[in-house]
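Asker: Residue numbers (the numbering used here), protein chains in the order written: chain A, 1 to 180; chain B, 1001 to 1687.
Derived from the structure by calculation, the hints contain no laboratory data.
Values in this document were obtained by computation on a predicted structure and should not be read as measured data.
Please note that the accuracy of each hint is not assured.
[To be verified] To list a few chain A residues with every Cβ distance to chain B over 12 Å, as calculated: (1) 3; (2) 6; (3) 8; (4) 41; (5) 66; (6) 83; (7) 84; (8) 85; (9) 88; (10) 117; (11) 148; (12) 173.
[To be verified] Here's a subset of chain A near chain B, in silico, CB distances under 10 Å, partners left out: (13) 28; (14) 57; (15) 76; (16) 86; (17) 115.
[As the list claims (entries may be wrong)] Across the chosen pairs, the derived CB separations fall in these ranges: (18) 71/A <-> 1636/B: 28 to 38 Å; (19) 1074/B <-> 116/A: 34 to 44 Å; (20) 43/A <-> 1643/B: 50 to 60 Å; (21) 6/A <-> 1065/B: 22 to 32 Å; (22) 1680/B <-> 145/A: 36 to 46 Å.
Backbone N, C-alpha and C define an ideal beta-carbon position, used for all residues, glycine too.
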Amino acid sequence: MDSNEHDIYRAAIHGDRDAFEMIIHSSSRTLFAIAYGVLQNREEAEDVVQDTLVKAWKSRWRVRDPGKFPAWISTIARHRARDLARRRRPEPLPHDFESVETVEPRTEPGNADLNCEVQAALSQLPELHRLAVTLRYFEDLDYATIEQTLGLTNGALRGILGRALGIMRRKLKPALASIA
Amino acid sequence: MSTIHEQIDELLAADFHGELSATERDAFHAHLVDCADCRQAFQEEKTMHKILNETIADKKADTGFEQRMVSHFRDRVPQRPGLIQLITNLVRLRAVQLTAAAALLLSMVQVGRLITGETISPMVRREDGTSLQDSDAPKSAPGARRESVSPLAKTDTRARGADDVSANTVSSTTVAGMLAQNPAPPPAQDKAESRAPATKLKKSETKDERSQTETTTSESPESPSTNPGPTTNRKLVRNATAELEVASFEEAVQKITGFVAEDKGYVSTSSSEKQANGKLRGEIVVKVLPDNLDRFLLKLRGLGELKNQALTTEDVTKQYFDTESRMKNARLMEQRLIEILKTKSKDVADLLEVEKELGRVREEIETMQGELKFMDSQVQFATVTVQLAEKNMNVPAAFLLKERAQLALFATEVEKTYNEIKALASPKVQITNAQINRDNTGRVSAYVYMLIAPEESEAIIARVKGMARVENFQVQTERVSQGGDGLGENAKTERDKVVLNITVSREEQEQPLQQTTLRIRSSEVNDRTKQLRELAEKQSGRIRSSSFSRDSNGREYANISLRVPMKNYSALMQSLNALGKVEDVTVRRDDRPDSQVNQAEAPADVTIQVYSQGNIVSEETGIVATLRRTIGQGASALMWSARMIGVALAFLAPWILAIFGVGWVMRRISRARHARKQHAEEEGGVS
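Please put together the full structure from these sequences, using the hints given.
Answerer: Take a look at the structure:
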């Protein structure tokens, strides 16, 4: 993060609306990607982004270190999206990878639309993995930015993304093979 | 190679995302060439990457998304005016929050302190005991305690001193010690008195000659003859004075002369004078031998009551012997000069000189001889001055009876009465002061002061009393003794001139015998008032004052004050009933049983208020007033409860803040723990 960005975050924390609007411009897409990653629904994701921004403005004074502002606002978005998802689906999201694998029904591959299949595979990933994939493909962000946004340690994302894409690849293997 | 194969998922993803370093990529691509499985995976990954890019592209946020978000944000969070913004921002600053909390706490404590009236005074201030705030009993205690030490000690010493006086115990040393610390009035005198109660002689002696030599004090009457050794060498001049009250002067003088003869002394002078009341007073100067002085004084006490006695001793030893040795020298000188005169009688001038010198020396010798003789005579005889006075010296010779009379009159015509009184003047009735005062309100009063010969006084006073109505008459009699005070059995009493002070005032000023106030309610105030006036005139009453008023509520009031003679009072009261309903009757009667007032003619005051009932509800009782009072009381009750809440908060605030602080820390801890667990879960889900 360069010093300019840092200053903007600091100004926003101290109540500068213009600075905050600049932040909206720069990070709302990322937030949208996060929300979509959790919810897999555009309308709901947009609502979540709006709520997140308002909430962030109202409680901005809680952030003491301006450098942590992006991670903080992402966390808000993630929590709100998760709340919404929980309300929508009373049953808990499948967190455990093993259970996902066993529960997941083997639909007939190849015949159906490949896009839908990719979508399904994506939605069955654990949340963190799904978020990583969404952020990467939505906004084409580099690994460092994604790590910062999700509050991950340096270099952790490479493993997470690798695992996520690996799972998807294995799941979609027949369909992919047919295309290839 | 094997590591690359195992990490194929990660490397594939990173390769497509362009996140591999150059060396990594080279190694990876080299492996792909070697490994068929991995090549297969690379192909699949490539396809999937493409599909993902395509599918997600149309799920992406549209181009106007950011703008939409901003406008939405503006709608939901409206811009507040600058000041409020500033305040809300300020409030969110941690430092401001802390300051505000501290200020709140402080103010609560202050309020509580104000209300409970308690002071938070540190112990240090108590110790110095000079704090201005500390004015109440517990606070002034230290100062008082510190001070109380000395008074305690004082009283203690005094008490002990008293004990000493009565018991003569050894504890006097402690008293002395205490007294050294406290320069309080020392009871030394009392002690001395109590120590030697046997004779007052010693008291006076010790008092007067404490500073003198031991030998002087050793001449106390207890040991005059047993201890004569040192006195023989000493030349002491002793003088005594005594004041006696005796039954008969002549007898006392006789006795004293007898005593003196017994003790081989003589009466040097005696004088006496006779008082107006026939009593004698005098003085005798007696010379006695010093050794017999004390015995003589003791005898004197037998003559009558000793009022006063003093004994002084003057030591002239040194002076005596000085003079004596100087005289010896002068004698030697005289011898020498005589010899010179005898042997060397050649030069006439020298002879004359020697003769002259001889004359001077002889003169000196004579003077010194005279001095020595005088001293001898002084020492040889002690001088006692006795003052004698007969008993009841102050019995008065005569009494004068002074009478002073004061007479207050009420007259219808002050001036006429005044002139009548003045006409009484005659050689036996002297007017010392007469004046008549008339002030601008028309009030007239007169004063006449006169002196009347005693035999005429009764008749004159009776005549003046007959001129007008008497309000008050006082006689004061005083018996003045002449030539002394006390009771004189034989003294005769004379009547002096009688002083008579007369005050004449107009009848109007007379205090009424009876005062009545009443109210009459009637709708026609004016008519009733007129009727009332007529009624009063019929009963020979006089209207003293009247007033009429109408207030804002439409009520009319007429106040009438009138005076009637007592004999017509009841008739008037009966006739009043015809005017309307009589209310609130108050009667006050000042009975003066001893005064010579003519009851029937004495004035009675009646104050009547005639009033009408107003139609309008007054401001004091209306619904608005009730409402006003209710609100006022409610407000004061609210203020009171707010004050009480302040007190409660002042006591509770520190605890509440402490509890909140602990709660806040606990929440932080639990939240941190929760976040760590969640993180671990997410991580654990992957690995």
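Asker: Give me the numbers of the hints this structure contradicts, sorted from smallest to largest.
Answerer: Going through the list in order, the structure violates hints 4, 10, 12, 15, 16, 18 and 22 and respects the others.
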